[in-house]
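Chain by chain, the residues run as shown.
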Amino acid sequence: MQVKNFLPGQYVRDNQLPINHNYLQQQFADYEVILDKIKQVVWKGDFTLGEAVDQFEARYRQITHTKYAIGVGSGTDALFLSLKALGIKEGDEVITTPFTFYATIGAIVTAGARPVFVDILEDYNINPALIEAKITKRTKAILPVHWSGKPCHMEAINAIAKKHGLFVLEDACHAIQATYRGRSAGSLGDIAGFSFHPLKNLNVWGDGGIITTNSDALAEKLKLMRNHGLKGRDECVMFAYNSRLDTVQAVVALHLLEKLEHIIASRISHANTLDIELKTISQITVPQREADIKQVYHLYSIRCERRDKLKEHLIQHGVDAKVHYPVPMHCQPAAKSWGYQKGDFPVAEQVAASTLSLPVHEFITEQDIEKMVRLIQEFYQ
Amino acid sequence: MNVEIEVPFVDFKRRYALQKSEIDAAVQAVFGSGNYILGEYVEEFERKVSQYLGCPYVLAVANGTDAIIMALKAFNIGVGDEVVVPVNSFVASAGAVAAVGAIPVFCDVTEDLNIDVIKLPRLINKRTKVILPVHLTGRPANMVAVLKIAKQHKLKVIEDAAQSIGAKYQGQMTGCIGDVGCFSLHPLKNLHVYGDGGLITVNDEKLYQQLKLMRNHGLKDRDTCVAFGLNSRLDSVQAKIASLGMEHLNQWTERRRYIAQLYRDGLKNLVTVPVDASGDFSVYHNFVILTQQRDALAAFLQKQGVDTRVHYPIPLHLQPAASYLGYKTGDFPVAERLAKEMLSLPVFPELKDVEVQKVVKTIQDFFRIN
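Residue numbers (this note's numbering), protein chains in the order written: chain A, 5 to 385; chain B, 61 to 430.
Everything labelled a hint here was simulated from the structure, so no lab data went into it. Think of the CB as a built atom: it goes at the ideal place given N, C-alpha and C, for glycine as much as any other residue. Careful: at least some of the hints might be erroneous.
[Stated by the list, open to error] Pulled a few chain A residues facing chain B out of the computed Cβ check, cut under 10 Å:
#, residue
1, W47
2, G116
3, A244
4, Q253
5, L258
6, L261
7, K315
8, E316
9, Y329
10, Y384
[To be verified] Straight-line alpha carbon distances no greater than 27 Å define the calculated DSSO-like cross-link-like pairs of lysine-lysine that follow:
#, chain 1, residue 1, chain 2, residue 2
11, B, K400, A, K235
12, B, K80, A, K41
13, A, K41, B, K73
14, B, K400, B, K179
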């Protein structure tokens, strides 16, 4: 892949737009430092659940304020294994949002259960007021997704879960370092899954994920489940899976963890600036922000009139505007057998039809933001 | 002088030292590219494997266990189904079957450590859907018999080729003989990555497309999901490392076979040594000898600085995880005996001749005394 110098200090792939969503080359401009650390792993042959995985898990417990952190193969696996550890199985129902990434639903389906959708609020997250009506005898868990890095209304969700004896699994794949009423995402339910996919706020050089929980029993089970159910080398106490965070990826994650505060602070700062500017444009709806919620803007998404045209306009002028995502889960071909139809979740559908994400990562500059705002203003004039 | 040589079971350092310049450059190139998931590096690796195996469709996945799970799912194997698995294997062979909700039905093995095709037919019933032969240690299972039985009962054959890349059964590459082949790229494997990785091989294009969807959330494109599922991808950097390995694989295999021959020559009168059946080509992921004095020999070797292993000391039916299946000691007499007699000697390609000689001499010394 050819790399060209775009602006002083900025390196972008030549097939990318100047104001991009994919900033990996900039983020890993110092990759030689990481390579040196990876070489240590290679010399030791410490590839599988090695020392760096232990170190990263220890740090992750600290930053999420949880008792256990268990590194796994991906964010998707984090959700799937959590459901299995909770005992979710064939015939069970799991309540979740139709406005999410496919993996949330894929994890439920792979565990054998059926996802039961509940519409969202204008903040893109599950509407707690609609949950109780969907609870049946088969409901075993609620799976709120902290979409875009904004924690759901967890007090309301936990209260419902408690009342009905349900588990709460947080899909925190977008939400590292987000807080709800002072408490960290990942510590707000019974168990939580995070993703370190290359475009996440904390990312690795491939796939990776982690599970956090305060439960001794769940943690013990999950440590077995991610490694063939092996206790020691020769004894298998439960037939299970293989889903391990590679040691070399844990090295990358540890390296980036040192920059996490800066990464998140930049995203929040960019989002705040955009909020102020975009609120003045009548065709744009900026989601409501809440004082007791710290959102970390894995995505900065707004709703806008004539979305597809605006997106085209932005791309034409070098801004990598994206839609996350245009088709809600209940309208996917994969959901056909559950009998949902268009109109079942009006808010999710409206949001899907009007949402647009702008890049707010740490390499976005003030000038970039000014340009994005100007382009949007121009478009609506 | 020989006594001073310590012989490790495996030594990653030696391997890396030999490949250091190419690995460092390749890893740097991948990381610099910003292309970390699927894409060109994975495709390049898949192409190389496809050529090597002479198999049209190769899919790189997250690990060898996932490869088997995905193959089973592609055939719709689930609750109520049975899959026949040799009882002497790594736990993942049975774990993958249990993972899809099916029942692993164990079959005894023969002295070649592989599935006993004579005992196999009587395990088949209406619920049986798949036979999962394992080419354990890189030695081909009796595929003619397996395929014949499968055909007779209309069963699918999924080859667990986790340990057998490059091994040939009657001239045919293992992993390309049944309906699906599943390979592992774990760091200890003959072809390996620096973390977890796996491969699926198929001849059928439709099956391949289905597995490809399964690997990536069931996504037809970024915005359309046709089947909800998980993801199981080989990281780009690992694909690049495996691609480099492909350039060395034949050489590594030859070296393993050479070491095996040295062991055979030195030990054949003292212990049972593995020998290729006529027409077969083993790749010696492990070199396993059989002796009734296994524990004493292993202890003796350890004392003399030779590291050995047992693959595997507890047959699958006696694992605590299998207790729900209701097997008991005595159900698989051959496997149970082998569990007490098997010993894996070091056989990695970077092992030096003097080290092999030390292992041979130490074993000879042991049998002189015992």
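Hint check results:
The interface hint given for A:W47 is met, as the beta carbon of that residue sits about 6 Å from the closest beta carbon of chain B, less than 10 Å. This hint holds: A:G116 has a C-beta 7 Å from the nearest C-beta of chain B, less than the 10 Å allowed. The closest approach between the C-beta of A:A244 and any C-beta of chain B is roughly 6 Å, which is under the 10 Å cut-off, so the hint is satisfied. Using the Cβ-Cβ criterion of 10 Å, the hint placing A:Q253 at the interface with chain B is satisfied: the shortest such distance is roughly 7 Å.
For A:L258, the suggested interface contact is broken, since its CB lies about 15 Å from the closest CB of chain B, more than 10 Å. Hint status for A:L261 relative to chain B: violated, with the closest Cβ pair at about 18 Å, above 10 Å. With a least beta-carbon distance of about 13 Å to chain B, the hint placing A:K315 at the interface is violated under the 10 Å criterion. Checking A:E316 against chain B by beta carbon gives a least distance of about 16 Å; that is not within 10 Å, so the hint is violated.
Nearest Cβ of chain B to the Cβ of A:Y329: about 6 Å, under the 10 Å cut. The hint holds. The interface hint given for A:Y384 is violated, since its Cβ lies 25 Å from the closest Cβ of chain B, which is over the 10 Å cut-off. For the proposed pair B:K400 and A:K235, the alpha carbon gap of about 20 Å is at most 27 Å, so the pair holds. For the suggested pair B:K80 and A:K41, the alpha carbons sit about 15 Å apart, so the restraint of at most 27 Å is met.
In summary, the hint linking A:K41 to B:K73 is supported, as the alpha carbons are separated by about 15 Å, within the 27 Å threshold. This hinted pair checks out: B:K400 and B:K179 have alpha carbons roughly 21 Å apart, not beyond 27 Å.
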